[in-house]
Amino acid sequence: MIRLIALRELRCLFSMPSTWFVLAAFQFIFAWFFLARLEAFLEIQPQLAQLANPPGASIAVAAPLFNTAALLLMMLVPMFTMRLIAEERRNQTLALLLSSPLTERHIVLGKFAGLLIFLLALIACLPLMLYTLALGTGLDHGLILSNSAGLILLTASYVALGLYISALTTQPVIAAIGALAVLVGLWLADIGSSAADSPWHQLSPLYHFQNFNAGLLDSRDILFFVLFTTAFLLLTMKRLHNNRVYG
Amino acid sequence: MAIQLLVRAYILGYIQHYSQLPALLTLLNPTPEITLSAHHLTRSFGKQLIIHDLDLQLKRGEVLGLLGHNGAGKSTTLQMLTGCLLPGSGKIEICGIDLRQKPMQAKAHIGYLPESPPLYRELSVNDYLTFAARLRGIGAASVAEALNHALQSCGLESVRKKIISTLSKGYQQRVGIAQAIIHRPAVIVLDEPTVGLDPAQIRDIRNLIRELGNSSSVILSTHLLGEVESVCDRVEIMQHGRLIYSDSSAHMQHYGQVTGFIVSLRHPPELAELESIPGVSRVEQTAPDTFRILHTPENNPGSLLLSLAAQKDWQLLQLTPLHATLEDAFVSITGEKGVKP
Chain D
-17 MIRLIALREL RCLFSMPSTW FVLAAFQFIF AWFFLARLEA FLEIQPQLAQ
33 LANPPGASIA VAAPLFNTAA LLLMMLVPMF TMRLIAEERR NQTLALLLSS
83 PLTERHIVLG KFAGLLIFLL ALIACLPLML YTLALGTGLD HGLILSNSAG
133 LILLTASYVA LGLYISALTT QPVIAAIGAL AVLVGLWLAD IGSSAADSPW
183 HQLSPLYHFQ NFNAGLLDSR DILFFVLFTT AFLLLTMKRL HNNRVYG
Chain C
382 MAIQLLVRAY ILGYIQHYSQ LPALLTLLNP TPEITLSAHH LTRSFGKQLI
432 IHDLDLQLKR GEVLGLLGHN GAGKSTTLQM LTGCLLPGSG KIEICGIDLR
482 QKPMQAKAHI GYLPESPPLY RELSVNDYLT FAARLRGIGA ASVAEALNHA
532 LQSCGLESVR KKIISTLSKG YQQRVGIAQA IIHRPAVIVL DEPTVGLDPA
582 QIRDIRNLIR ELGNSSSVIL STHLLGEVES VCDRVEIMQH GRLIYSDSSA
632 HMQHYGQVTG FIVSLRHPPE LAELESIPGV SRVEQTAPDT FRILHTPENN
682 PGSLLLSLAA QKDWQLLQLT PLHATLEDAF VSITGEKGVK P
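From first to last, the protein sequence lines stand for chains D and C.
Residue numbers for the first sequence follow my numbering, so the first one is -17 and each next one is one higher.
Residue numbers for the second sequence follow my numbering, so the first one is 382 and each next one is one higher.
Hint data in this document are derived by calculation from the structure and do not stem from the laboratory.
All of these numbers come straight from a predicted model, not from anything done at the bench.
Be aware that a few hints might be false.
[As the list claims (entries may be wrong)] Quick list of in silico lysine-lysine cross-link-like pairs, DSS-like style, CA-CA up to 27 Å:
#1 C:LYS440 x D:LYS220
#2 C:LYS483 x C:LYS472
#3 C:LYS483 x D:LYS220
#4 C:LYS472 x C:LYS440
#5 C:LYS472 x C:LYS428
#6 C:LYS542 x C:LYS483
#7 D:LYS220 x C:LYS543
Throw the hints in and build the complete structure from the sequences for me.
Rendered as structure tokens:
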């Protein structure tokens, strides 16, 4: 049942021209940024080569690319999550799901999985792009792997938050703005507090991504993402249940 | 030739198997099973009590019309019966399964068409109905057969490949009904199924509902009295969240019935002369040559009036029996029992 709902979500996404447009636009931005970083790296490479332990292409190109992708996804994910439940409610198609032999768990996990698979396809192009560099230089596989893992966990947490906010309202636009506001708010809380040990940092998904970005796998960060995602998924299930209780 | 015969025999067998079997079963089984029962349902939104202590039962093969003004609580009731809304208190059983305790099993027996059909407009009719079938737990192997059956019974074969958003409202409504019946549920719940359709489409959909009523139980809400008259076996009238009247729809027409006729005569006699005919209880003159004659149900003075008219040369132009419509009955029932909250 979860698979069924996920597949419908994917089919619905790919039937909209806007999805293809966004996919194309983001690939273009990623590619442009990738090439710009690569050019900058090539320019300063002769100077870097004189250092004792020079940074390679992975740390100079891959890490900033993933960091930009993490920021851009913060803007992009709310555009996709806004529809998930708010639009079903507005078009009154939620009744079909609610009167079918499904539980809230099926609906929420199905929608979560559907959108996450779509976004994974979008971010899968990043490592593919980077591995074209392997033609000319050696790459740090560990760094790219930890960045990819971090980006997947980060995207999952964005989707879970967006899904919950979409479940709160009937208007997709409000869901988009709401999710964006919360994500940007968490990010600002992170970059706004100057003290290194400030607890505000701990709230932000982007802060926890920084370790992955530097190639460091910390179980605390992984736990944060798992908890963040699970909490919002559970809240969404609760909200859908309340839909039946309060109408 | 032999192949043709075989194919015909197969098709006939198919039709018999799927269309007549349930009807035969109902014939064989003199007391049809109860498919839906609701006891003491209440529901409030905020502090306002919308549904008061509602009891409802539905047997297999029965079409029940839920009749009421706008805002009487019809849609809320149907939402509760389909599990879209939890009742404040009370118990709902679908085919003997408690909807609250075993929602998954109970809901597999429900098909629901809400007020506005729940359509994913970007999908094609085929894709949408396949999704609806799988959602209701039909296995991948039997989806094609269920899909064909639903398309056929709703007259959607010609548009099966079209995108739903390009269909007319009538067809969209049919797709909505098709998703509600695709898994052949025991209970079909239709919320105002004919709203916004043209007369020909309304007739088609009513015929379809009648057919569905042969094998399943159907509950439909409406504020159109004609609909109840033409498709329902039983009618429940709702007002301010209560069921205030319940009876067979044929019976309902006798409610507050007036028996009598309208008579037009070219040479009308005196009013008193008409009043003196045995059996006539009251005569009203509605126009110089037209009278409204009321009589007691057991004593019909029609033939006497005819022979008198011939004898005395009143020259009868028209004699029309008065029919109480559901409309009259509805107005008299809701008017009588309607207490403003």
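Hints and how they fare:
no. : hint                : verdict
1   : C:LYS440 x D:LYS220 : violated (35 Å)
2   : C:LYS483 x C:LYS472 : holds (12 Å)
3   : C:LYS483 x D:LYS220 : holds (18 Å)
4   : C:LYS472 x C:LYS440 : holds (17 Å)
5   : C:LYS472 x C:LYS428 : holds (21 Å)
6   : C:LYS542 x C:LYS483 : violated (36 Å)
7   : D:LYS220 x C:LYS543 : violated (37 Å)
Hint compliance for this structure: hints 1, 6, 7 are broken, all remaining hints hold.
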